[in-house]
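Participant: Chains as they are written, first to last, in this note's numbering: chain A, 1 to 386; chain B, 1 to 386.
Some hints here could point you the wrong way.
Which copy is meant is left open, so a pair is good if it fits within one copy or across any two.
Straight-line distance between alpha carbons at most 30 Å, and here's what the computed DSSO-like set of lysine-lysine pairs gives [what the hints assert, rightly or not]:
{"id": "1", "residue 1": "Lys23", "residue 2": "Lys250"}
{"id": "2", "residue 1": "Lys264", "residue 2": "Lys23"}
{"id": "3", "residue 1": "Lys264", "residue 2": "Lys250"}
{"id": "4", "residue 1": "Lys264", "residue 2": "Lys251"}
Treat the hints as calculated values from the structure; they're not laboratory data. Here the structure is a predicted model, which is why all the values come from computation and not from measurement.
Chain by chain, the residues:
2 protein chains.
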Amino acid sequence: MRRVAIVGGGMTPFAEHFDLGIKDLLPQAFRSALRSVDKGMERGDIEAAWFGEVTATDGFPSGILADSCGLLDVPVTRLENACATGNDAIRNASLAVGSGAFDVVLAVGADKVRDGSARQTFWEWMSGNRDMAWDFPLGLVAPANFALHVSRYLYETPATREHMAMIAVKNHRHALPNPKAQLRYEITVEQVLEAPIVVEPFGLLDCTPQSDGAAAVLLAAEEVVDRYTDRPVWVRGVGLGLDRVMHAHKKDMTTFPASVRAAKQAFGMAGLTPADVDVAEVHDCFTGVELIDYEDLGFCERGQAFRLVEAGDTCVGGRLPVNPSGGLKAKGHPPGATGVAQCVELFEQLRGEAANQVDEPRVGLAHNIGGPTAVSAVTILGRERD
Amino acid sequence: MRRVAIVGGGMTPFAEHFDLGIKDLLPQAFRSALRSVDKGMERGDIEAAWFGEVTATDGFPSGILADSCGLLDVPVTRLENACATGNDAIRNASLAVGSGAFDVVLAVGADKVRDGSARQTFWEWMSGNRDMAWDFPLGLVAPANFALHVSRYLYETPATREHMAMIAVKNHRHALPNPKAQLRYEITVEQVLEAPIVVEPFGLLDCTPQSDGAAAVLLAAEEVVDRYTDRPVWVRGVGLGLDRVMHAHKKDMTTFPASVRAAKQAFGMAGLTPADVDVAEVHDCFTGVELIDYEDLGFCERGQAFRLVEAGDTCVGGRLPVNPSGGLKAKGHPPGATGVAQCVELFEQLRGEAANQVDEPRVGLAHNIGGPTAVSAVTILGRERD
Chain A
1 MRRVAIVGGG MTPFAEHFDL GIKDLLPQAF RSALRSVDKG MERGDIEAAW
51 FGEVTATDGF PSGILADSCG LLDVPVTRLE NACATGNDAI RNASLAVGSG
101 AFDVVLAVGA DKVRDGSARQ TFWEWMSGNR DMAWDFPLGL VAPANFALHV
151 SRYLYETPAT REHMAMIAVK NHRHALPNPK AQLRYEITVE QVLEAPIVVE
201 PFGLLDCTPQ SDGAAAVLLA AEEVVDRYTD RPVWVRGVGL GLDRVMHAHK
251 KDMTTFPASV RAAKQAFGMA GLTPADVDVA EVHDCFTGVE LIDYEDLGFC
301 ERGQAFRLVE AGDTCVGGRL PVNPSGGLKA KGHPPGATGV AQCVELFEQL
351 RGEAANQVDE PRVGLAHNIG GPTAVSAVTI LGRERD
Chain B
1 MRRVAIVGGG MTPFAEHFDL GIKDLLPQAF RSALRSVDKG MERGDIEAAW
51 FGEVTATDGF PSGILADSCG LLDVPVTRLE NACATGNDAI RNASLAVGSG
101 AFDVVLAVGA DKVRDGSARQ TFWEWMSGNR DMAWDFPLGL VAPANFALHV
151 SRYLYETPAT REHMAMIAVK NHRHALPNPK AQLRYEITVE QVLEAPIVVE
201 PFGLLDCTPQ SDGAAAVLLA AEEVVDRYTD RPVWVRGVGL GLDRVMHAHK
251 KDMTTFPASV RAAKQAFGMA GLTPADVDVA EVHDCFTGVE LIDYEDLGFC
301 ERGQAFRLVE AGDTCVGGRL PVNPSGGLKA KGHPPGATGV AQCVELFEQL
351 RGEAANQVDE PRVGLAHNIG GPTAVSAVTI LGRERD
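Bound conformation, chain A alone (with noise of 0.2 Å):
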């Protein structure tokens, strides 16, 4: 397959934007992208769009991303994939890219969730992506199944709800200076623990917020990147990963099979490995996920992921740091943008021009683990092509 690379990422703050609706929000991460390509870019030369969007809020999705942003001669599929769909947007979009068909092409994500109740619950919001016959009906949304989760991984390994909430307190801290972050305040280990419990094991800080947002990547095919910038991203690798839908089939509730398939491609793709990795965004929904993902995508042995938290090597000044952005912990979390808006965060870290910046990244990955944990991907970008 061609080469890919991202020439320009941009993105809308994460917020409660009650005033915006995804027509508003989707033309401003676009031409935030646009006005970030080096050597400028026409929207005309945008042969086709992927549109990664959990729920269509404001209605038809594809239509209206054409429509808002003036795309109405190119081909938009919207996708879904549960908190997976923003790297599988940029997934399938380098996909087209590769086969030739398609030399330059849009990836966008977006997802209002804080006033979806205008015309749905936020428990309608959550069935199309959990098991309609048993999970749902028993209560197992977002918070309850991962809760599941990190409940089995505290019992087997070493780690602590102190370790969780110092996952949070690194997120909170990594926001602080990220324009677009929802969350840009510090908090404590003690006021993380002390928080009202959402659900055992999570505190309300233990929580990602609900957000509203959008996010836009531009990718080109080797053969035209020159045209647009001398300082291509590339997309090494891109995986994903599913598992049992229900949770009553996970045989291990300690790790998310679908992170390990999804990285798996991705770094076979990318010809690389876990050690070659200088900064990634990964998906912190809950604190105890991020432990669990560190695990998952071959950061640290089983068990581990404690160790990498106590030296504080994920932090930035660290050895790797994660969720430099503040992660969906602190910088919010519109499940269709959230892996877009990692890829964008990485763009501008292997750039070096982030908010947040990292010490010169070589290498970059994006992670997300959605839905009842039965949906992973990966994306790799890289500062060499290969």
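With chain A's structure known, arrange chain B on it following the hints.
Facilitator: Here is chain B on its own, set in the frame of chain A:
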């Protein structure tokens, strides 16, 4: 891009499957596609899947496909593009094989419309495919918004409700030998004209039924086609076109610009013209829409579709048989499945093994116009590779 062929295709009957869920329908369509592969195919040969489902009736779509079909080791992308969903799934699957990332992939479409009401009303079901700010609150769900187009079309052209009725009669007759079709009985022009009005100018017999069902095709790269069959059906061209979402923004109600755009892309990729098409499955959600399709797809001049109907050109046995399966009108219309099922029909037609076989077709065209007439997908299949 690499050449891609369909090497297998199958589907469930389209019907009121009150006793079956998506988890039942998906494996039925998948097994039916696997069984159709001449030299056999193992589930383990499949490297990736695309799943078109408009509404997540039974829960998390891509996970449920992987889970119910035993495909946990492959990436599954769920996509949605209103009634163009099925052909867009085939388009994305084709691009992915074309890229070289995968040699053998699965494209599936499915939907349950008939008992979505367990969780949501038909109006809620429709809400994701409209403009929520204006058109949906004004009542412009599918019958009403297509009625605006067809009313104007009848005003501007010599076509009449009788011509529309002749489309219904033709497609019901076509469905008679098709064991997968939902409405297998003949009707007369008089019955169509005397049926209760749903919305002017559509009587009950001008409208597609609501259906449940699933369909699947197996796609392979040219390099591996020989492993599976000596009679592949080649994906010659794929196209996806968009248009303004709100009806107030549509300049000419007698055409669907999305269809024109999708057809232009697909014919361009195939290096073919409308005159090369020997058999077509087009979107006849309402009879008058099939008339507009003839013109948008280039089968006749503007305003002249009625002549094809009067001459019987689009009947099986005519110059260009359209909807030999019965079409949406009589075969049924589970939106996510419809486009895939059209390609299953063409796969069988081009191999000479369709239930209602046309005379030795070499090129077939599948077409959808969906949502608020804002998206269209076209797939062109051929017996020859190029």
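Participant: Taking the earlier hints as the rules, which of them does this structure contradict?
Facilitator: The structure conflicts with no hint, since it agrees with every one listed earlier.
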